[in-house]
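Participant: Under the working numbering, the first residue of the sequence shown carries the number -18, and numbering increases by one thereafter.
What you were told as hints is all true, and nothing was included just to trick you.
Ranges between beta-carbon positions, derived for each pair:
no., residue 1, residue 2, range
1, T166, P36, 39 to 49 Å
2, V56, D231, 45 to 55 Å
3, S34, D177, 13 to 23 Å
4, T166, D231, 25 to 35 Å
Below, in silico cross-link-like pairs of lysine to aspartate or glutamate (DMTMM-like), each with a Cα-Cα straight-line distance of 20 Å or less:
no., residue 1, residue 2
5, K20, E44
6, K253, D59
7, K35, D119
8, K20, D2
9, K20, D(-15)
10, K253, E265
11, K253, E57
12, K35, E(-2)
13, K253, E140
14, K253, D119
15, K35, D2
16, K253, E118
17, K253, D131
18, K253, E44
19, K20, E(-2)
If you're looking for bench data, these hints aren't it; they were derived computationally from the structure. All C-beta atoms in this analysis are idealised placements derived from N, C-alpha and C, irrespective of residue type, glycine included.
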Amino acid sequence: MRIDPTLAMTVAAVVEEGTLDAAARRLHLTPSAVSQRIKLVEEQLGQRVLVRSKPVRATQAGEVVTRYAHRVALVEHDATQALGLSEDVGRRRLALGVTSDSLATWLLPPLARFADRHDVELDLVRRDQEQTAGLLEDGQVVAAVTSRRDPVPGCRMVELGAMTFEAMASPAWVARWAPDGVTSTSLQDGPRIDFDRSDTLQLEWLRHHGVDGSTSPHHLVPSTHDITQAVELGLGWGVIPTDQATDLADQGRLVRLGGPQVSTALYWQCWKDEVTLLAALTQEVVAAARSELSEA
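Hey, can you work out the whole structure from these sequences and the hints?
Facilitator: If you want it as structure tokens, here you go:
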């Protein structure tokens, strides 16, 4: 049995937009027409492709259909370009798995250059570096910045380099929690800032000081930019990307807490399909990473 690409792209649109109404607007269809397409593909496959939740999620079968739709779109783009034909589907949308730290430091410039040279829309799906590879496995994205070294099935991996971080605090935090210097007691009692519950960078730094961070107070601030601001405001200490840390220390806005830098090795994973858009995107991202990141 052949999966109709039009139906597959409808499934992908619903998954990406989160509702049938939003997908209908994107596809210039009525919600009823979108619903009929979903019903048709489910009848053809004999299984559900969507979980009718808010937002709508793909089932395991829906993830397969979504991956298929993305691949068809990329191959179709290559074919029309090679044949000198004009596309009548508007800009291609590329969903990418990205990390907050990468977005805040080195990743946006190469993405901007890529978007300027190619007729695409970028859909940046932000996750922790340990979770972005899962977006590839689920078919939600075509490429991802990740800390996962082993390739996702059907994908290729390119080493990017390492992001390095330094532990920093505001002068006010130091005056309150470490007036006599940074000690295991001050680190155990003084609050820190984590990105989310899966963020382990601060815990790694604490282990170098013999501190079990699982019992120390901490705040969750899921934004690299906001973490820096929260550290400046004295909400807690945190690890800051090294380039930013140097500037903030030179300006007297933050104080280094000492100890070793912590680092995260990053990798670029994308589908193996030899398509022009992915090759161009990979070239931009890898070149920027190797210019801006440390050696892993």
